[in-house]
Amino acid sequence: MRDKVVYLIIGIVASVLFWIFRVELYEALYTVNGFSDQMYNTGAYGSVAAITIGTAWGIAAIYYYLINSVKFDRWYHWLAMLGVTCVITPIICYISVSQSLEGFDYSTAEFTFEIYNILFTALTFVIASFSMRWWSSNCRHTPIPQ
Amino acid sequence: MRKINRILTLVAVMIVAIAASMAMTSCGGGGLEKAIKKALINGDTTQVTYDSICSIIKNDPKKYAQYLDKNGDINVEALGKYINEIGSKLRPPMSWDISVFSLKNLSLTIYFERSGSMIHYDHTSGGGQLKKAVNDLINFFPTRENVKINIVNDNIYPYNGTVDSFLQDRNIYESTSGTGDASYTDFKLIFEKIFQAQKPGNVSVLVTDMIYSPKNTADVSVEKILNEENSVATAIFKTYKGKSIIVNQLMGDYNGMYYPYNNAPVAYNGQRPFYLIIVGDVATIDRMANDEKYAKFLHPDGVKNTYRFNQVPGNINFKIIPDWKDNVGRFRISRDDQKMLTKCEGDRETGILCFTIAVNFKPLGKDDAFLTNISNYAVQSQTGFQISVRPITSGDINNNNRSYLNGMTHIITARGKFKTKHDELSITINNKFPAWISESSTTSDTNPSAPGFATTTFGLERFLQGIYDAFAPGNATYGKITIKLED
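Just so you know, the protein sequences line up as chains P and Y, in that order. Position 59, counted from 1, in the first sequence is what my numbering calls 59; the numbers after and before it change by one each time, with no gaps. Position 478, counted from 1, in the second sequence is what my numbering calls 478; the numbers after and before it change by one each time, with no gaps.
These are calculated hints, taken from the structure and not from any lab test. Note that the Cβ used here is the ideal one computed from N, Cα and C, for glycine as well. Treat each hint with caution, since some may be false.
[To be verified] Now the stretches of chain P that chain Y is said to cover, found in silico as 3 or more residues with beta-carbon under 8 Å: (1) 74 to 85; (2) 115 to 122.
[To be verified] Short derived list, chain P residues pointing at chain Y, Cβ under 10 Å: (3) Val23; (4) Asn33; (5) Ser36; (6) Pro145.
Could you put the whole structure together from the sequences, leaning on the hints where they help?
Below, the structure is given as structure tokens:
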């Protein structure tokens, strides 16, 4: 039981650290002169990181506790949820960034940035899954059996 | 088990909620902060935006009490500090001088020279450029109720009429005849009186032909009188170090007797230079130079040449433009130091690195002829960067570079073969004694048909050199731009 709580705490800490170091992490992966400055100035990195964390944890929670079905507990079901997260999150983030950068013309850079953001989305979804799966009545063995 | 599930669902929901609220907060902060940030990022630092920011503060005086004074007016200093605090956290750091929006009404004192040689600038057959220039000064001064007019020659005498009567007067020298002694002009006395009378917030303008014509100069050699003129200028202006002087040279029709130095008067009909000497505290002139309302006043129509004495070197506001059509090679603007380029790489084929900066030269008050002349700059770097300077045009501005070009006046492009690991590009704007003054000066004005008579003024260079030496001995500069580069 204690190990499972440790996983949850690690997951939360990792997500918080992602939030704190969002600018450094995103810019380490993708920097474009001009675009990155405006992402920073408008606080768009904050919105994107928050949306990424929120959707990843939210969809993981939906999978493990709302769907929580024996008919949907195989690894590829989990992978499908990861896929859904990796599609939904960049779309929401793209809309959010477009609103933040209204008036600027960085559509190519915005699109490329969202491609890179899929990596963080997937990582956060994995972290969220391994943080909360242990208490799911039907899916705690997904994606990897205990 | 159900209990644990509920708790975990609650934890997940809380994380989602926290994330959502973080997303909301990262979008802006308070209304005032958001408005300021938006203005800075979009480069919209106009009077309209400033007014809208003020109305946010005034609509919620309790919340924003620190930005209001006791009378409920905007505390410009506190608000300016807050704006620049927000701006300093942006990339690149941005600043906004809002002091110009609260510039208290200045007063203007015109000193209109009425010496023998000035009268003929206002001949009825001429174009009346002199009177037009003075009228323009008054008309382009934002508050006409704060304008005073004096007549000067051997001393300073108040003008008897009103500002309106002065503006409408078609023969100002006729209506002021008998005022003082028009046979000589005592610049030493006039400048000293102007400085002594000048109160904070006052701008004085001496309208003159700048011909040094003191009393009792019979049989005194030209060289002696010019040396005296030079020393007098230095002595006066050294005493008033906090003053700044703008000399505007204009041309006007002249028809009448001309009084050469130490010689018999000669008839002359043609063009002659005259001068508007604007005098004020350095801070006052600096603020006017930054305020569009005073642009026409400081540099009225018809100005042929201009120079500002005692222009204290200041920080030149500039930004490196990350994405510009002329850029060649690669570089990244440092996150920690916006005046530093990292990961610099020349073009793969040519090895050339070319980057562009947007500069605000407006506070210098220099025209494009000066600013785009590369000989006015000293450029130093190991790479041997060469620069070109041009004014920003409306065609240069797009949505992506608007925040970099906002408040900027010129584009400097630096180009060179970048080979070193570290380099430092320094661009110094030299404040040399201007060549036009020497070109507009003569030591002999006895022959009106001599070439250059129409464009030169007796003893001008020595007098103005005296002022220059009083303020700017040695290698004076207007400022310096330094950019560090790393590979």
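So, going through the hints one by one against the coordinates:
Given as covered by chain Y, the stretch 74 to 85 of chain P fails the check, having 0 residues with a CB less than 8 Å from a CB of that chain where 3 are the minimum. Counting residues of the stretch 115 to 122 of chain P whose CB falls under 8 Å from any CB of chain Y gives 0; the rule of at least 3 is not met. This hint holds: P/Val23 has a C-beta 9 Å from the nearest C-beta of chain Y, less than the 10 Å allowed. Because the beta carbon of P/Asn33 sits about 3 Å from the nearest beta carbon in chain Y, less than 10 Å, this interface hint is met.
Hint status for P/Ser36 relative to chain Y: holds, with the closest Cβ pair at about 8 Å, below 10 Å. Violation of the interface hint for P/Pro145 is found here, the shortest Cβ-Cβ separation to chain Y being roughly 19 Å, above the 10 Å cut-off.
Violated hints for the displayed structure, listed by number in ascending order: 1, 2 and 6.
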